[in-house]
Amino acid sequence: MRFEFKKLFASVFMWIIFGIVLAYLGIYIVIPANGGKAYPNSQHLNALLNTLNESGMTPDGQIEFCRAKQEEIQSAAFGENRADKGEYTNTVFGDYILLDCAVDVLEQIYNEIPENRTAIVKDALRNIAEENAKSEPDLGVIRMNSLAVKKYNRIVECGVKYAGHFSAVYDVYDDAPWDFVMIFFTVILTARMFTLDISRGSFKMIFSSKNGRIKLFSKQLSACFFVVGGIILLHTLSGIMVGAICYGVNNFSLPIQMAAPFSACPFALNLGGYYAVRTLGKLLFYFSCVTFTALAAILSKRALPTAAAGVIFCLAPAVLMSRLYTASNSEYSAITARKALNVLRCFVPQSFLNIKTFFEDFDYAEIFGFPMSRIICVFCVTGILILAEIVISARIFGRETR
Amino acid sequence: MELKYENITKKYRRKTALDGFNAALHEGIYALLGPNGAGKSTLMNITATLLKPTAGSVLFDGTDIFKLGGEYRNILGYLPQDPGFYPTFSGLEIMKYFAELKNVNSPQNRIEQLLEFVNLQDDCNRKYKEYSGGMKRRLGIAVSLLNDPKILILDEPTAGLDPKERVRFRNIIGKIGSDKIIILATHIVSDIENIAQGIIFLNGGKIALSGSVSDVLGAISGKVYEFKTDKKTAEEYVFSHPNARLIASEENSAVRTASDKLPSEGAVLCEPTLEDVYMYLFSESSEKEI
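Residue numbers (our numbering), protein chains in the order written: chain A, 15 to 416; chain B, 217 to 506.
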């Protein structure tokens, strides 16, 4: 594979594009690192929460304690004494913010998460009862609501811990401009990889050797997967590091429901599991961009049409889904837009670019009469698409010209 | 060992590149001569399994080469007119890359052996873009010999080389020709004059003439003339007779031509050369019969 890398990066143009991607990645480390200073230190917060948990106070008692403390220090926190040394942090004002965060965390753990889940179960049971009361009940509705009951009717073992400012992390790291830059890079890299030997003429000597075609194809595909996958993993790792250091997202064994946007998530998954699924989803999406662009290159044999086709295939659905997201919040077309979006989210790999939406609520669809999580559906579809494109590409690549 | 072409035809939309090509080749060096557009490269590409013929088949020891597939390509070496090697790779890296693709056993030994054979052992670590034209061609030969092929196809291997490099190239080919089928496509007659056992003249996709060297020379025996005349007359004659050429000196010009009729009073018959055959077959003159 090292020869394929050398071929790929023999051009100054590729180095420039690669440099732009790395520079962008650097930006995604610096900006969040600066933004993290606005949030309270997770060590202090976890220390406070630990103290409250070990105090023997009831959940309401713990919340009341924090509020009482806040009232105590209110005038000092917003007055001339704001910079005085605090009980939990370096300043009185810092204490005030810390207690405010502690109240939010306790409210979420003790009230919000259980109440949301209870409400969902009750709604589902009511829907089942209403449907059963009809002369011709819709079995699909009953199946879906039964599944919702099964998923939500369990206790989420939260623990009195701070999960960190997760929303800040994914707001930065699940960002459209980064994805657009990565898509362009992936398409250009793959287009160059698969058209280089044809444009140079070196394919003649390679294709006339015993296993030359298949070996070349597999080496080129592996090289593309390696570079693209490496950048995605680097992006993910930098997100995890910055999240841990700057935003307090450092306890990956906590249930996903403890991260603010995912309190209604039906899955028994922890934060580490979410990161793993998110990374896998992103990898699959970008691999699907590689395999489609490779197929386009093998069919067209020219870099420019390949790049154009790759960009259209990879970007257009993402742009469409973005428009539908916007429309689903508008007054006039919300229902139609939401329906179209939900269909696309089952089948289109670009759904992985906004993967958090699969975890925010009960996101299931009826596929051939069976309720299936949309994320499982799109994982399967994307996996099959990648395999199919690889097989078709390999067969065409290995065929003599007629 | 036999490579047999049976009625090979290759048609594109508006052009027939090959039209009923038949030949049977055994061990030795075969030259494919013809002008541009004769169908030489098309035949090379079909033999290298890069193209499928529209009709006909190529058989190696009785089996269609497209059915043999990888087994055939394992004994094939191909040097196209422009091998397209990567400019930033060194000669050694190119050898290693292709040895990997060709699944060569003990590649290191084989690479060293071949670099020595083509006299590039001292330059193997230099980048390909720094090589002269001759060095590039010699590297190409070395790469095409990596898998010790039984069939070697060389497409215009000496194009752009100076006379010294062309001689060196001929010597290399001459050394390896005895136990292989070597097909050499060229329009430079002097490249194959003393090394080819068989010659095929191709024109417009069809065989114009084929056979051993003595056979093809014999085909225009009694048709090659030389005559002396003044420079102006000689130049006029050559201009109006495309198969003639000037053998000039400052005082007396001479013209050499292949013709069915006596070109001039005082013209003398000469022993034909391959160049005469080439000029006779591929000139625009209609005064030829073979």
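It is possible that some hints are incorrect.
As the list claims (entries may be wrong) - Over 12 Å on every C-beta distance to chain A, these chain B residues come out as not near it, computed from the model:
#1 T279
#2 R289
#3 N290
#4 P296
#5 K312
#6 Y313
#7 K318
#8 Q337
#9 N341
#10 R342
#11 M351
#12 G356
#13 D371
#14 L425
#15 H457
#16 N459
Claimed, not checked - Distance ranges between label pairs, derived from CB positions:
#17 G376(B) / F194(A): 41 to 51 Å
#18 K343(B) / F382(A): 17 to 27 Å
#19 P458(B) / I228(A): 46 to 56 Å
#20 H403(B) / S213(A): 41 to 51 Å
#21 K343(B) / I228(A): 26 to 36 Å
#22 G376(B) / S236(A): 56 to 66 Å
#23 K391(B) / F194(A): 36 to 46 Å
#24 G427(B) / I30(A): 39 to 49 Å
#25 K315(A) / T232(B): 18 to 28 Å
#26 D431(B) / W29(A): 51 to 61 Å
#27 R352(A) / K227(B): 55 to 65 Å
#28 F240(A) / K283(B): 50 to 60 Å
#29 M15(A) / K220(B): 38 to 48 Å
#30 K227(B) / S213(A): 52 to 62 Å
Keep in mind that the hints were calculated from the coordinates and are not lab data. Built from N, CA and C at the ideal position, the CB exists for glycine as well.
Taking the hints in turn, this is what the structure says about them:
1. T279: At roughly 16 Å from the nearest Cβ of chain A, T279(B) sits farther out than 12 Å, so the non-interface label holds.
2. R289: At about 5 Å from chain A, R289(B) fails to clear the 12 Å cut-off, so the statement is violated.
3. N290: 4 Å, violated
4. P296: 4 Å, violated
5. K312: 8 Å, violated
6. Y313: 5 Å, violated
7. K318: 4 Å, violated
8. Q337: 21 Å, holds
9. N341: Given a closest Cβ separation of 15 Å, the condition holds.
10. R342: The claim stands: R342(B) keeps its Cβ more than 12 Å from every Cβ of chain A (closest is about 16 Å).
11. M351: 17 Å, holds
12. G356: Not fine: 8 Å to the nearest Cβ puts G356(B) too close to chain A.
13. D371: Nearest chain A Cβ is 9 Å from D371(B), so the label is violated.
14. L425: Holds, because the least Cβ-Cβ distance between L425(B) and chain A comes to about 28 Å, which exceeds 12 Å.
15. H457: 38 Å, holds
16. N459: 34 Å, holds
17. G376(B) / F194(A): 41 to 51 Å: 46 Å, holds
18. K343(B) / F382(A): 17 to 27 Å: Cβ of K343(B) to Cβ of F382(A): about 59 Å, so the range 17 to 27 Å is violated.
19. P458(B) / I228(A): 46 to 56 Å: Holds, since P458(B) and I228(A) (Cβ atoms, about 49 Å apart) stay within the stated range.
20. H403(B) / S213(A): 41 to 51 Å: About 26 Å separates the Cβ atoms of H403(B) and S213(A), which means 41 to 51 Å is violated.
21. K343(B) / I228(A): 26 to 36 Å: Once the Cβ atoms are compared, 29 Å apart, the range 26 to 36 Å for I228(A) and K343(B) holds.
22. G376(B) / S236(A): 56 to 66 Å: 36 Å, violated
23. K391(B) / F194(A): 36 to 46 Å: 58 Å, violated
24. G427(B) / I30(A): 39 to 49 Å: About 58 Å separates the Cβ atoms of G427(B) and I30(A), which means 39 to 49 Å is violated.
25. K315(A) / T232(B): 18 to 28 Å: 24 Å, holds
26. D431(B) / W29(A): 51 to 61 Å: 58 Å, holds
27. R352(A) / K227(B): 55 to 65 Å: For R352(A) and K227(B) the Cβ distance comes to about 56 Å; the hint holds.
28. F240(A) / K283(B): 50 to 60 Å: Between F240(A) and K283(B), where Cβ atoms are some 36 Å apart, the hint is violated.
29. M15(A) / K220(B): 38 to 48 Å: Roughly 40 Å apart at Cβ, these two residues keep to the hinted range, so it holds.
30. K227(B) / S213(A): 52 to 62 Å: 26 Å, violated
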